[in-house]
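S.K.: Chains A and B supply the protein sequences, listed in that same order.
Taking numbering that gives the first Met the number 0, the leading residue of the first sequence gets 0, the next gets one more, and so forth.
Taking numbering that gives the first Met the number 0, the leading residue of the second sequence gets 0, the next gets one more, and so forth.
Some clues are possibly wrong.
[As the list claims (entries may be wrong)] Examples of chain A residues toward chain B, derived with CB under 10 Å:
| # | residue |
| --- | --- |
| 1 | A35 |
| 2 | G36 |
| 3 | D47 |
| 4 | L70 |
| 5 | F96 |
Worth flagging that the hints you see were computed from the coordinates, not collected in a lab.
Even for Gly, the Cβ is constructed at its ideal location relative to N, Cα and C.
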Amino acid sequence: MSEATASFADHAAIAVGDVIPPLERTITLTDMVAYAGATWDWHKLHYDTAYVAEKKLPGPIVDGQVFGALLVEMLQDWLGPQSFVRELEFTFRNLVFAGETLRCAGTVTEVGEDRISVSMSVVVVAEDGSDGRAAAAPASAVVLLGTPDGPGAPA
Amino acid sequence: MSLLTDEVRALEGQTRVYTAPEPFGAAAGRYFGLAIGDDNPLYSDPDYARAQGLAGVTAPLTLVCETNQYAGLPMDAEGYAGHTWQLDIPGTRQVRGGNKYTFHRRIRPEDVVTATWRITSVTEKVTGSGNQMLIVGSTATYTNQEDELLAENAETIIFVGLEKKA
């Protein structure tokens with residue numbers, strides 16, 4: 000997203016069943032090294048190819064918490080800065096490895112006066128472009144609309 | 000034999016508290032945005048953030064639940080420098096169940112984060128394939144130097160028995 004080109008959903012027009020514009024991201028080993036630094040998590044599972052080979056894993060493991068960050072990004076890019084993800088829940092399903100592409104998707108399940116609920120998933124994109132194994136599912140969120148910050152922010 | 004021994008039961012209610020040695024900092028949010036490929040200007044452009052009604056730049060919401068910045072712990076032999084319960088359940092493999100985050104407000108660069116971790120539940124189940132399973136639930140509550148509530152993180156760790164229950 001860039002400020003100059005961003006266009007966001009019309010909050011007043013959101014309805015149950017609306018599909019959230021999906022987010023896809025290929026997670027390279029370089030991305031994972033950057034992520035390890037950004038989170039102060041230097042566990043060898045996430046970048047050390049010799050270490051993961053010893054553990055008989057097919058490659059360095061993407062930190063599962065990345066899935067949560069990508070889900071928030073998908074919602075924020077769709078709804079714009081006048082929105083705040085209040086709750087986010089996800090269940091881990093399968094390991095994801097360096098070089099794989101993730102696809103985040105979701106639909107609106109409830110619409111309230113000042114918030115929406117959404118159901119989401121994160122899958123690994125298969126070679127033919129279809130949804131492959133699940134990385135995180137189920138996943139859900141409650142998003143406050145018409146506000147850039149949460150209820151704990153100063154008035 | 001049950002995985003839910005008296006020693007394991009005694010884990011419930013255990014608490015660990017960590018306070019970051021420094022404020023969160025604007026660079027932390029901007030760097031995390033770069034690392035995950037999120038170029039939202041809320042994390043890098045103070046003028047844009049102020050135009051939206053924020054005091055200035057903020058961090059991507061999940062970062063407070065993902066970073067080990069607050070822990071101030073040394074790296075272990077495998078490079079990990081964050082909070083763990085250091086649970087060793089023989090005859091099991093550990094898998095992550097999931098997380099439930101509740102965000103109360105956006106992180107500001109001047110926030111000094113305190114994380115309070117607590118084991119909330121320890122339960123035992125048997126999987127559909129007959130393996131014993133120990134489920135450890137814990138929560139982290141993140142506050143700042145003014146004791147303002149920033150976020151909560153409920154997480155589940157599962158220890159799956161390697162042998163089927165007799």
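S.K.: Taking the hints in turn, state whether each one holds.
M.R.: These are the hints, each one checked on the structure:
no., hint, verdict
1, A35, "holds, 8 Å"
2, G36, "holds, 7 Å"
3, D47, "holds, 8 Å"
4, L70, "holds, 8 Å"
5, F96, "violated, 16 Å"
In this structure, only the earlier hint numbered 5 is contradicted, and the remaining ones agree with it.
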